[in-house]
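Engineer: Sequence:
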Amino acid sequence: MNKLANMRHWSERMSPNFGMGRPNPNMPMNQLGPHPKNASQPGPPMNNPQSSDGTIHYSFNVPFASDLAGPDTEDILHATTDAVLRWTHPEDAPDDVQVHELPVHAQNLANLERMCRDLSNGPLPIEAHVVTTTPKMSKGQQITTVCLSGSPELVHKSRETILNESPIALRCTTIDVDGALVCDLNAGALKESVTAQLDYVSTYTGVDIFLLGPKLTPMVDGMTGDSEMRMDQRWRVAIYGDIVSSEHAKTRVLCHIDSLLGRIVDVAKLDMSVQQLICGRHRKNIKLIESSTGTAIYFPPMFSPIYRYCPPTGTRRDPSDVFISGETPQSIELAKQKLHETMTRLRIYVKDVTLPAAKMDSILLTRLDKLRKILEANGTYIMFPPLASQRTMVRVQGGEGLPVERTVRELMSLAGQFYSAGWYAQPTDARALPGPADIRAMLSDICANSDADLTFDKMNFTITGSDDAVKSALTVISDMKMMTQVPYQIRVKIELANEHKEFVSGKKNGKINKIMGQSNVQIIFDGFNEYNFNIDVMGGSYESMKQGLTLVEQEMPASISFHVPDQYHKRIIGIGGQHIQRIMKKHSVFVKFSNAMDRGGMGREDDDIKVDNVICRTPARNAQNLDAVKNEILEMVDRADSEYTTQSVSVDRLYHRELIARLPEIDDLEQKYNCKITFPSTEQASDEVTVHGPQWQVPHCVDEFLGMVPDKHELVLARTPELVKYLESPEFANDLAPKLKDQYEVEVTIRQNPDEVTEDGSPTVTIMWGFTRNNAGGLRDAMDLMQSEFATASVEINIVKGSIPRPKSDSFEDSLQYFDSKLLQHAPSSVATDSPVKPAFGDEVARERSSILDRLRKPGSMTSISSFLDRRKNSSHSANGLFFKGSSNVSKSSLISIESTRSFNADRNPWNDSGVNLADDDNPWAPRPYGNHVDNKLAIPQPGDVTPRHSARVSGDSGRPSTSHSLNSGYPGPVGPFR
1 MNKLANMRHW SERMSPNFGM GRPNPNMPMN QLGPHPKNAS QPGPPMNNPQ
51 SSDGTIHYSF NVPFASDLAG PDTEDILHAT TDAVLRWTHP EDAPDDVQVH
101 ELPVHAQNLA NLERMCRDLS NGPLPIEAHV VTTTPKMSKG QQITTVCLSG
151 SPELVHKSRE TILNESPIAL RCTTIDVDGA LVCDLNAGAL KESVTAQLDY
201 VSTYTGVDIF LLGPKLTPMV DGMTGDSEMR MDQRWRVAIY GDIVSSEHAK
251 TRVLCHIDSL LGRIVDVAKL DMSVQQLICG RHRKNIKLIE SSTGTAIYFP
301 PMFSPIYRYC PPTGTRRDPS DVFISGETPQ SIELAKQKLH ETMTRLRIYV
351 KDVTLPAAKM DSILLTRLDK LRKILEANGT YIMFPPLASQ RTMVRVQGGE
401 GLPVERTVRE LMSLAGQFYS AGWYAQPTDA RALPGPADIR AMLSDICANS
451 DADLTFDKMN FTITGSDDAV KSALTVISDM KMMTQVPYQI RVKIELANEH
501 KEFVSGKKNG KINKIMGQSN VQIIFDGFNE YNFNIDVMGG SYESMKQGLT
551 LVEQEMPASI SFHVPDQYHK RIIGIGGQHI QRIMKKHSVF VKFSNAMDRG
601 GMGREDDDIK VDNVICRTPA RNAQNLDAVK NEILEMVDRA DSEYTTQSVS
651 VDRLYHRELI ARLPEIDDLE QKYNCKITFP STEQASDEVT VHGPQWQVPH
701 CVDEFLGMVP DKHELVLART PELVKYLESP EFANDLAPKL KDQYEVEVTI
751 RQNPDEVTED GSPTVTIMWG FTRNNAGGLR DAMDLMQSEF ATASVEINIV
801 KGSIPRPKSD SFEDSLQYFD SKLLQHAPSS VATDSPVKPA FGDEVARERS
851 SILDRLRKPG SMTSISSFLD RRKNSSHSAN GLFFKGSSNV SKSSLISIES
901 TRSFNADRNP WNDSGVNLAD DDNPWAPRPY GNHVDNKLAI PQPGDVTPRH
951 SARVSGDSGR PSTSHSLNSG YPGPVGPFR
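In UniProt numbering, the protein residues as written are 1 to 979.
Because the hints were derived from the structure by calculation, they are not lab data. These figures come from a predicted structure and were not determined experimentally. Please note: incorrect hints may appear among the correct ones.
To be verified - Calculated pairs, DSS-like style, for lysine-lysine (alpha carbon to alpha carbon, straight line, at most 30 Å): (1) 157 x 458; (2) 570 x 592; (3) 592 x 351; (4) 676 x 592.
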């Protein structure tokens, strides 16, 4: 209590107007500073505006995913009951029909309208109206707005009912599955057990499920950066539903796939509040359990208790159910035992924090992905109240105090990206007030065009939402004629971290006083708590408030954070801080370092050591200098410990289990390259493995990691006696195959596949090429060598499938086609692809893909479904695109990390081991021109002028070159005979 009381008194003393005492928000504006003569009193408090009769009008957007399109009907092989009817347009629909007109979206809107009618016609004094609009800038997305009128209690309770009984945030979750598991390709039909299980999961969870065939997807080569179209060999299970039901169905489908693979599935009970703590930071603990037991563990979504919606025909998943699949019952029991042992060793640290209800709902509706990353990174859990319940207390718990504190601060940082505003006016004539219908239309229009929540009481507006949403709403309100006919006042509230207070106000509140004098606004620091405080900007007109808010936002902090190994901190800071002080003064940027002791002491796990430990902060108006400071700091770091970056590697999710079983090798790989390899969660079912570390080390780590991932390629040749004789000869087995293995690291095996035949039905021979992913580049060369050996042995080959065309040539041969000469041989057409294992899929891929679908849809197998789908049209063909809106708001960019890149091309001075480069004028070792007319950039360096960039030091001393005439000193000596 003493701490809170001291905080309150401190906030009063540090207010920009502390000399006059703490200002009263209800005090007339003319007593606090110069303002227009028509400035009126501020009106009622912003957090509870209501008229004398207690009636308010509240408008908010219902986040329906009306832009979610259904699957392409050409890819559908199986659909659950009525799924096609809901997610495709009728046969007589026009070609340009919008996505939001799909039957599923139209039904959701109809249910919402019926719910609002029931509220309006019910016994309680509440009115609810639904308005739908399609803004021009939304690219066809439909905006659904609900306007409620009644007492504040009934209004908030009705909003809670609407959000928890509507399928908000619909999404499509996709699972990749091997086609051989779900389909009998020889019979050309899907397995009945698979389709029956999909139908059961759909009915039990209340979602729609589609089984889709393989698709063409753009693939980017991680090494070369080339992009090309590749046909994924796996099929897809697409699940459509709300955020909780879709995750429930996804987990049950994944468990069924495990059962198809011969694994056993069981269930364990764990309390929801400790599940994330058991998983550990970045799910490290759970990956160790999966590695040691050979199991796959599926946890429920960590936010499932928050959303109370459940489909009418669905069943919610028990939040304490944890599914475990393993090879044997013993492995599952061992996994359960290890989970129990981990739980018994937990020490739970708890902290309760208060968060405004409006900000809490905004986080749960718009920033859930960011919140999930925070919890996974810290191994903590946040107990939120149900959505829209108007509760303000949340509980954060973790296994240690430091991760809990980090989670709270990052949570409050998310809440800080939230504005609230009030527009207050007192009409001189009551007849100037609009009617209820006009108010609802006005609020709906503002809400739809700004995505902010609005409360209206007489002539008082309260606006809550993101910074852009609040500003958009204020702009719309400022254009309303009725608000220009009466005196009014605007008040905008911004929330910032307390540490940004020694930053925004300036020395002796100089910055704030200057802004108030320039823009004719009132600025108050208010609402201090343990983490945040509020900045209230109040003006007597919209223009003055806008100018004052812009100036305040320019003083808000823009920051970047990055990692620099602790051993470089002293070098960068310099003796007495001279180096870092020079950098800070040069760029007007504040730089702060934190070492392992500051982050909780030595001996912690590596994840704690590799967090961002350097933060650069400056006012938003000077944000462009942050990158320059970061580059200058990182120039003092060796290339091996350079800027940290992240690279994603695509590996089949089922093979993750074999890689996780080799965790000791992966740990050695991480220590070798100072990188962190993170596998996705089991229930996420993603192929992406992320590698995080120094940007000069990550490619090497990725290459060696891909060396642990096997791959294969099939080359199908027409069967001929000469070919069979050569493949069975000792030359092939004893000479060619070992040569391919030693020179290109490719293993060759021969097998017979009766399903593969030529176009005329002749038999074939399949040559299987086995290699690791990092050696994929040698496959083409190995195939070229084999073909040359075939030509030497007079064996003519006819490739049926699996040819790898050579890359596009950069020579002049493409121009030969324009010279019709018998002396010049016509160059073959070049192919754009350059990937050794991803051929350019043209007619061959289309023919292969269509043949698969045709075999499944042939008469007697899927006639009913195919004929039914032919009568449907799919919504995914409609023109839809993503519209990215660039924001000019400075404060948004100041509250997030600013990504940057850098180059390691700094010339190192061999005589200066401090890591700080001197200016050219002060550097006696810099390249010198031969004359005044020669530019420095064109100067020819003489032997001994500079040290090669980032060259490895030969000697083991401090780095100073030897003064002797040794040849291994690392400093090039003069050329010529010794004199």
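Engineer: Quickly compare the C-alpha distance for residue 676 and residue 592 to 30 Å and report which way the hint goes.
Structural biologist: 25 Å, holds
Engineer: Is the straight-line distance between the alpha-carbon of residue 570 and that of residue 592 30 Å or less?
Structural biologist: 13 Å, holds
Engineer: Just to be careful, I want the Cα atoms of residue 157 and residue 458 compared with a cutoff of 30 Å; is the pair within it?
Structural biologist: Within the cut-off at roughly 22 Å; holds.
Engineer: Would the pair residue 592 and residue 351 pass a check requiring their Cα atoms to be no farther apart than 30 Å?
Structural biologist: Holds, at roughly 27 Å.
In the structure shown, no violation is registered for any of the earlier numbered hints.
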